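Undergrad: Respectively, the protein sequence lines represent chains A and B.
So for the first sequence, this note's numbering puts the first residue at 305; every next one is plus one.
So for the second sequence, this note's numbering puts the first residue at -10; every next one is plus one.
Bear in mind the hints are in silico, worked out from the structure with no lab data behind them.
A couple of the hints might just be wrong.
Unchecked claim - EDC-like cross-link-like pairs, simulated, lysine to aspartate or glutamate; straight-line CA separation at most 20 Å:
hint	chain 1	residue 1	chain 2	residue 2
1	B	Lys43	B	Asp33
2	A	Lys555	B	Asp(-2)
3	A	Lys335	B	Glu47
4	B	Lys43	B	Asp(-2)
5	A	Lys537	B	Asp(-9)
6	B	Lys43	A	Glu550
7	A	Lys555	A	Glu545
8	A	Lys335	B	Asp21
9	B	Lys66	B	Glu22
10	A	Lys388	B	Asp32
11	B	Lys3	B	Glu27
12	A	Lys554	B	Asp(-2)
13	A	Lys536	A	Glu336
14	B	Lys20	B	Glu47
15	B	Lys43	A	Glu551
16	B	Lys43	B	Glu64
17	B	Lys66	A	Glu389
18	B	Lys20	A	Glu545
19	A	Lys536	B	Glu64
20	B	Lys59	B	Asp21
21	B	Lys36	B	Glu22
22	A	Lys534	A	Asp466
23	B	Lys59	B	Asp32
24	A	Lys388	B	Asp33
25	B	Lys59	B	Glu27
26	B	Lys3	A	Glu336
27	A	Lys555	B	Asp(-9)
28	A	Lys534	A	Glu467
29	A	Lys536	A	Asp423
30	A	Lys533	A	Glu389
31	A	Lys554	B	Glu47
32	A	Lys335	B	Glu64
33	B	Lys43	A	Glu552
34	B	Lys20	B	Asp33
35	B	Lys66	B	Asp(-2)
36	B	Lys20	A	Glu467
37	B	Lys36	A	Glu389
38	A	Lys534	B	Asp(-9)
39	A	Lys533	B	Asp(-9)
40	B	Lys59	B	Asp(-2)
Treat the numbers as computed from the prediction; the structure is a model and nothing was measured.
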Amino acid sequence: MNPNQILNIGLSMVVLIIYVVITIRIFKRMKETRLKNLRWLITFFSAQTIIGFTQMLYFIIGFYVIQIIILLSLILFTKETFYKERQSAFIPIFISTIVMLSFDFTFVIFRLIAQSIGDTNAYNMYYILDMYLLSLSTMIASLWYASASFSAYTIANEQSIDEIIALRYKIIGISALFFSGLGFIYPIHATINSFYRHPMEVQIFTTFAVALSLIFSLGNYYAWIVLGKKIKKLRESLPSEEELSEEEIKKMFKEEG
Amino acid sequence: MDVIQHFGDVLSQKIGKSPIACRGLIRFCLKDELGSAENPSFDDTLKAFTNSLKNRLENVGINNAGSIVKDMINELKHIQSVFTMGNV
């Protein structure tokens, strides 16, 4: 292994550790707050952690199944967090993702067949088609998540929601944009890796993909862990208000005309 | 974010009454539906606004209660993600 490969593996391990920390923290908060939508975020980060290992092992079906889990959990988290009982692009996004992943499944099967008969060219072609569809699905899911976060950020600013909470929306939105960037990198990486095999280019794109994952994980660490602590302090510092009785409320409404 | 404080202030702006009285009203709506106003979820608050807020507003002599409730529900749906982002 050359130094660049060692660096990429080291950084990938850092990303996986960050995902584990975020998953534990969100799981703890889900139990404390009864926020059921968090189960999708936990699934998303757990699957990201698992895929880190399966990707390294080149386990084709495992990689595919976990990608499905990642994408669907991200879509469902966005729906349940931002668009519950509200009009949104959920149905078209969900259906188009299912359709793309179904097509992708056929490419995965063809890849396995090509691999078993030793047809490298066919294998590479199906690998690239597989990557293109996965990338497109990744971009759609993550851009929807980013757009929901930015739109909530605007609303939070308009409605004077605390700036720490508004900042969390902004960081999550920016991180999601970096995640969608992986969608651009994967097919290019797959094409170079399969057909051209220029070690330099392959390494550049691998480093680029690892860097995007690292930025995404650090952004999420900041949003969910660092800002989470600040938000907890903020909640605890809110002054408790004296509770009025029903009679007192009625009296106040009357007096105020 | 404190749900009672936020929606009490929103209601206060809509009906021109004091924030403290409006917060009290929101608190009672939540208690009507859930028995408690402690840390309500989005679903809990939506249920409280849908089922109890109109009666509560009419009981204190507010006209147009139906339309105010509709606005409050829209507002709630727009900032629903704060229930997650402000609590994790």
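Undergrad: Tell me if the straight-line CA distance from Lys388 of chain A to Asp33 of chain B falls inside 20 Å.
TA: Roughly 13 Å separates the two Cα atoms, so the pair holds.
Undergrad: Hey, Lys36 of chain B versus Glu389 of chain A, does the alpha-carbon distance stay inside 20 Å?
TA: Since the Cα atoms of Lys36 of chain B and Glu389 of chain A sit roughly 12 Å apart, the hinted pair holds (cutoff 20 Å).
Undergrad: Does Glu47 of chain B sit within 20 Å of Lys20 of chain B, going by the straight-line distance between their CA atoms?
TA: 17 Å, holds
Undergrad: Checking one constraint from the list: CA of Lys335 of chain A to CA of Glu64 of chain B, max 20 Å. Satisfied?
TA: 27 Å, violated
Undergrad: Quick one, are Lys36 of chain B and Glu22 of chain B close enough, alpha carbons at most 20 Å?
TA: 7 Å, holds
Undergrad: Does Lys534 of chain A pair with Asp466 of chain A here, judged by a C-alpha cut-off of 20 Å?
TA: 11 Å, holds
Undergrad: So if I understand the rule, the pair passes when the alpha-carbon distance is 20 Å or less; does Lys554 of chain A with Asp(-2) of chain B pass?
TA: 17 Å, holds
Undergrad: Hint check: Lys3 of chain B vs Glu27 of chain B, CA-CA at most 20 Å. Holds or violated?
TA: 24 Å, violated
Undergrad: Holds or violated: Lys43 of chain B and Asp(-2) of chain B, Cα atoms, limit 20 Å.
TA: 17 Å, holds
Undergrad: Measure nothing beyond the straight line between the CA atoms of Lys536 of chain A and Glu336 of chain A; if it is 20 Å or shorter, mark the hint as holding.
TA: Measuring from Cα to Cα gives roughly 12 Å; hence the hint holds.
Undergrad: For the pair supplied as a hint, Lys43 of chain B and Glu64 of chain B, confirm whether the alpha-carbon distance does not exceed 20 Å.
TA: Roughly 15 Å separates the two Cα atoms, so the pair holds.
Undergrad: Given the hinted pair Lys66 of chain B and Glu22 of chain B, is their alpha-carbon gap at most 20 Å?
TA: 18 Å, holds
When held up to the earlier numbered hints, the structure conflicts with 3, 8, 11, 19, 25, 26, 27, 29, 30, 32, 36 and fits the remainder.
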